[in-house]
Amino acid sequence: MSTPLLEVRHLRVEFPTRRGTLLALDDISFDIAPGEILGVVGESGAGKSLTGAAIIGLLDPPGRIASGEILLEGKRIDNLPYEQMRKIRGRQIGAIFQDPLTSLNPLYTVGRQLTETITTHLSLSEAQARKRAIELLQETGIPAAEQRIDQYPHQFSGGMRQRVVIALALAASPKLIVADEPTTALDVSIQAQIISLLKRICKEQGAAVMLVTHDMGVIAETCDRVAVMYAGRIAEIGPVAEVIHRPAHPYTAGLMGSIPAMDEDRERLLQIDGAMPRLNAIPAGCAYNPRCPKVFERCRVERPVLEPVASTSAACWLHAVQKEVV
Amino acid sequence: MLVFILRRLAQAVIVMLTVAFIAFMLFQYVGDPVTNLLGQDATQEQREALRKDLGLDAPFPVQFARFIGNAVQGEFGLSLRQGRKVSSLFVERFPATLELSMVAGLIALGVGIPLGVYAALRRGKASSQALMMLSLLGVSLPTFLIGILLILVFAVWLKWLPSFGRGDVVSFGTWTTGLLTVDGLRHVLLPAITLSVFQLTLIMRLVRSEMLEVLRTDYIKFARARGLSNNAVYFGHALKNTLVPVITITGLQLGSLIAFAIITETVFQWPGMGLLFIQAVQFADIPVMAAYLCLISFIFVTINLLVDLLYFAVDPRLRVEGKVH
Amino acid sequence: MASTTSALTRFLDGDVWHSFKESKVAMMAAVIAFICIFCALFADVVAPHNPFDLASLELMDARLPPAWMAEGSSKYLLGTDDQGRDILSALMYGARISLFVGLASVLLSMVIGVGLGLLAGFVGGKIDAFIMRICDVMLSFPSILVALLIDGVGRAMFPNAHDALAFMVLILAISLTGWVQYARTVRGSTMVERNKEYVQAARVIGVKSSRIMWRHVLPNVLGPVMVLATIQVASAIITEATLSFLGVGVPPTSPSLGTLIRVGNDFLFSGEWWITIWPGLMLVLIALSVNLLGDWLRDALNPRLR
Numbered sequence: 001m002s003t004p005l006l007e008v009r010h011l012r013v014e015f016p017t018r019r020g021t022l023l024a025l026d027d028i029s030f031d032i033a034p035g036e037i038l039g040v041v042g043e044s045g046a047g048k049s050l051t052g053a054a055i056i057g058l059l060d061p062p063g064r065i066a067s068g069e070i071l072l073e074g075k076r077i078d079n080l081p082y083e084q085m086r087k088i089r090g091r092q093i094g095a096i097f098q099d100p101l102t103s104l105n106p107l108y109t110v111g112r113q114l115t116e117t118i119t120t121h122l123s124l125s126e127a128q129a130r131k132r133a134i135e136l137l138q139e140t141g142i143p144a145a146e147q148r149i150d151q152y153p154h155q156f157s158g159g160m161r162q163r164v165v166i167a168l169a170l171a172a173s174p175k176l177i178v179a180d181e182p183t184t185a186l187d188v189s190i191q192a193q194i195i196s197l198l199k200r201i202c203k204e205q206g207a208a209v210m211l212v213t214h215d216m217g218v219i220a221e222t223c224d225r226v227a228v229m230y231a232g233r234i235a236e237i238g239p240v241a242e243v244i245h246r247p248a249h250p251y252t253a254g255l256m257g258s259i260p261a262m263d264e265d266r267e268r269l270l271q272i273d274g275a276m277p278r279l280n281a282i283p284a285g286c287a288y289n290p291r292c293p294k295v296f297e298r299c300r301v302e303r304p305v306l307e308p309v310a311s312t313s314a315a316c317w318l319h320a321v322q323k324e325v326v
Numbered sequence: 327m328l329v330f331i332l333r334r335l336a337q338a339v340i341v342m343l344t345v346a347f348i349a350f351m352l353f354q355y356v357g358d359p360v361t362n363l364l365g366q367d368a369t370q371e372q373r374e375a376l377r378k379d380l381g382l383d384a385p386f387p388v389q390f391a392r393f394i395g396n397a398v399q400g401e402f403g404l405s406l407r408q409g410r411k412v413s414s415l416f417v418e419r420f421p422a423t424l425e426l427s428m429v430a431g432l433i434a435l436g437v438g439i440p441l442g443v444y445a446a447l448r449r450g451k452a453s454s455q456a457l458m459m460l461s462l463l464g465v466s467l468p469t470f471l472i473g474i475l476l477i478l479v480f481a482v483w484l485k486w487l488p489s490f491g492r493g494d495v496v497s498f499g500t501w502t503t504g505l506l507t508v509d510g511l512r513h514v515l516l517p518a519i520t521l522s523v524f525q526l527t528l529i530m531r532l533v534r535s536e537m538l539e540v541l542r543t544d545y546i547k548f549a550r551a552r553g554l555s556n557n558a559v560y561f562g563h564a565l566k567n568t569l570v571p572v573i574t575i576t577g578l579q580l581g582s583l584i585a586f587a588i589i590t591e592t593v594f595q596w597p598g599m600g601l602l603f604i605q606a607v608q609f610a611d612i613p614v615m616a617a618y619l620c621l622i623s624f625i626f627v628t629i630n631l632l633v634d635l636l637y638f639a640v641d642p643r644l645r646v647e648g649k650v651h
Numbered sequence: 652m653a654s655t656t657s658a659l660t661r662f663l664d665g666d667v668w669h670s671f672k673e674s675k676v677a678m679m680a681a682v683i684a685f686i687c688i689f690c691a692l693f694a695d696v697v698a699p700h701n702p703f704d705l706a707s708l709e710l711m712d713a714r715l716p717p718a719w720m721a722e723g724s725s726k727y728l729l730g731t732d733d734q735g736r737d738i739l740s741a742l743m744y745g746a747r748i749s750l751f752v753g754l755a756s757v758l759l760s761m762v763i764g765v766g767l768g769l770l771a772g773f774v775g776g777k778i779d780a781f782i783m784r785i786c787d788v789m790l791s792f793p794s795i796l797v798a799l800l801i802d803g804v805g806r807a808m809f810p811n812a813h814d815a816l817a818f819m820v821l822i823l824a825i826s827l828t829g830w831v832q833y834a835r836t837v838r839g840s841t842m843v844e845r846n847k848e849y850v851q852a853a854r855v856i857g858v859k860s861s862r863i864m865w866r867h868v869l870p871n872v873l874g875p876v877m878v879l880a881t882i883q884v885a886s887a888i889i890t891e892a893t894l895s896f897l898g899v900g901v902p903p904t905s906p907s908l909g910t911l912i913r914v915g916n917d918f919l920f921s922g923e924w925w926i927t928i929w930p931g932l933m934l935v936l937i938a939l940s941v942n943l944l945g946d947w948l949r950d951a952l953n954p955r956l957r
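Chain order of the listed sequences is A, B and C.
All residue numbers for the first sequence refer to the numbering used here, where the first residue is 1 and numbers rise by one.
All residue numbers for the second sequence refer to the numbering used here, where the first residue is 327 and numbers rise by one.
All residue numbers for the third sequence refer to the numbering used here, where the first residue is 652 and numbers rise by one.
Calculated from the structure, these hints are not laboratory results.
Note that the coordinates shown come from a computational prediction; the quantities given were computed from them, not determined experimentally.
Glycine is no exception: its CB is placed at the ideal position from the N, C-alpha and C atoms.
Please note that the accuracy of each hint is not assured.
[Claimed, not checked] Chain B is faced by these chain C residues, among others (derived, beta-carbon under 8 angstroms):
(1) Asp695
(2) Pro699
(3) Met789
(4) Phe792
(5) His813
(6) Ala815
(7) Met819
(8) Ile889
(9) Val899
(10) Pro902
(11) Pro903
(12) Phe918
(13) Leu919
(14) Asn942
(15) Leu943
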């Protein structure tokens, strides 16, 4: 097995507040292989965006990494000083955020923002950078790139803006892209275009992607592997097809079950009873235990760890029990 | 955009008319308009003649129109207190006030903006909090007290700087300037600092809070995520976005500098329009008050208009005529 | 009664009180403001001398410097002015006048502003547009000019007015400089509330608009209005002091801190700085502590900063 591009090991992110310290990410571990597309899915508040923020080193204060390691190509990046991490951002790791309207500075032309990024990381002249910027715009499917490069962000429609954002993220050809809900703020009709653009361009450049979303459909279409997050922990992680069709964790099963299928007749939408616990009220043992249909005594007491189950890994005592039984 | 300009012009005219109306009411109904126009030493015959001349029995709108006609030409009659033409008094005094305000404005901007940026970037550190404390002090200190304190320290105790008047001035026709002589510069220093403190504080707090807002935006976060240097993020992106709203507010402040000069001119006996106005208020010198009102509102309205145009020049979002696609 | 005590408990448990306890600055400011207000209110009792009692003045004691300086006397802690009046006592009486005018102006401002804001927000239409126009025009004029103008006109119209009238004109002048902020804030909140369903439901049932505004909209805007009021008290006091310093404020028989500063200004050059500096310091102290409280209150009530 080749070295993973990104390794996250036992990452803990906490928020010291007046009312005590909240643990927002609790012992997160996963890898991303070069060129792989990893989906990270879960409800709002599960910690998906925080994971991305921690990786690029832009946690909003007072949030901070309490313990754990993040390694890029085998070297630790979580403990780097700001200036060194800055050089990695954009060049090795790129980021795409949710809302393309607010991601771009309204007072600068698209071209200026592109060339600035390019010259920061690559030693190109202004003219060369501009040429590269035009190429990037063309690659991301923006028509009449030579004219549009001098336009301002508000002159682009939502979908076009996100293409510009993607161009900006890929300007210095990073090896990993952290995409935080890149399609959530777009029209459904545009979403598919953007996702396929992202997929294509990353495959072309050989970049890995960590795709954070709450949309299972997008995950199914795009990702190689997927991690399911719940209450700041990873519930299950594995190849997309396996997780979707043969979920090992009851939460994943619940998520899958709640997606209405086209070929079924249903009167009511299935949902999981209850709600994800708040960060200051996470139950002991497995965080999912109050809502789990298969809960038993051990779940309420001991917190499960990720264990391989068939072709995925799940943090669930069900399988440990079964293994022991076997 | 043309529509916008026209609309703003129309608004400006309405404001001016309203102010002119108030000034007119002052002229006509507070005190005696004939006295206002002729001064207190006019004879009975002169008054009768003027009364007929003015047609004070003419209908209201006609009198108002006449007043406006006069006002536009700068004709406001005679000062009750000094017996001279109001317009010539103002022409004499205007340069002093304008210079004082300009210097104060430059100080306020030149010191306020950098301090505000500093306070935003070094947020939470001791130096920044000390600055915010000082700024609160700046808002709590009345302008006249600042003037008195400065006089006490620099004129009475240290005897470094003069405490009243304008010093040596150089004339260019009707315009006089004190900025071309060392003596004039020494005289303008304390009053200008006094006048600038309040605005400086406001600008500093505004710049700081705007910048903090900007630093929280997604595009700044995205800029950092792209690996841009701190300089590029702070001074390339954040600063520009901060200054755009600051420009409007600051522009409007410049107008109020001219008005606040009233206080400073009183403390330092600076021979400007403000001192003239105060003496008019103390004396109930209606013509001067009315003229000052009209002049000040004209200045304000003009500045407002210019600032609006400036906004156009600076914010591309306002300029676009084309479609979004 | 029960609702008051439970409201009190809720307040004590809440973020605002907690934030107050944590902020040493806010507590100190509150203490200072309290002391100043106390001295001002009870000047009759607290002040060591009565500067208005002409019989008690001794010209021999005129122009004495503060007690800790060479020729000072412990009888007059902060020195005396040219007529033998004790500066410390004059301070307290002066502060009383300043605070009175300041608070009265802010109250009047609030009433006018909140009232007009509620009206504009609730009724909307032409009335709203008209009120907003007035707001825009007034905002573009600096407060000092508005105050001076009204004061000046008042003087011209009533040249021999007695004190009470002079005070009323002054308070009116200052309050007209500050009402716009209330009006805008309240109007905004009112418009938000007006569109909420419970208001429409109440209207359908036939509840009177005024009752809706009073019971439902008003409590919601109380927070920002209180912050505005606190900050405006400081600026009202300063405006009054400025007007009095310029000679167009309070009548000379009831000197405020501004008047005292003006009187003392004449003695600066002869080196008797204390006659003007102590009133000045008192003024700054009051304004500063009130501003600090207002600043802290605004941060405490701002959910985004928590």
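Structure-based check of all given hints:
{"no.": "1", "hint": "Asp695", "verdict": "violated (27 angstroms)"}
{"no.": "2", "hint": "Pro699", "verdict": "violated (25 angstroms)"}
{"no.": "3", "hint": "Met789", "verdict": "violated (11 angstroms)"}
{"no.": "4", "hint": "Phe792", "verdict": "holds (7 angstroms)"}
{"no.": "5", "hint": "His813", "verdict": "violated (17 angstroms)"}
{"no.": "6", "hint": "Ala815", "verdict": "violated (20 angstroms)"}
{"no.": "7", "hint": "Met819", "verdict": "violated (18 angstroms)"}
{"no.": "8", "hint": "Ile889", "verdict": "holds (5 angstroms)"}
{"no.": "9", "hint": "Val899", "verdict": "holds (5 angstroms)"}
{"no.": "10", "hint": "Pro902", "verdict": "violated (14 angstroms)"}
{"no.": "11", "hint": "Pro903", "verdict": "violated (13 angstroms)"}
{"no.": "12", "hint": "Phe918", "verdict": "violated (11 angstroms)"}
{"no.": "13", "hint": "Leu919", "verdict": "holds (6 angstroms)"}
{"no.": "14", "hint": "Asn942", "verdict": "holds (5 angstroms)"}
{"no.": "15", "hint": "Leu943", "verdict": "holds (6 angstroms)"}
Hints 1, 2, 3, 5, 6, 7, 10, 11 and 12, counting from the list given before, are not met by this structure.
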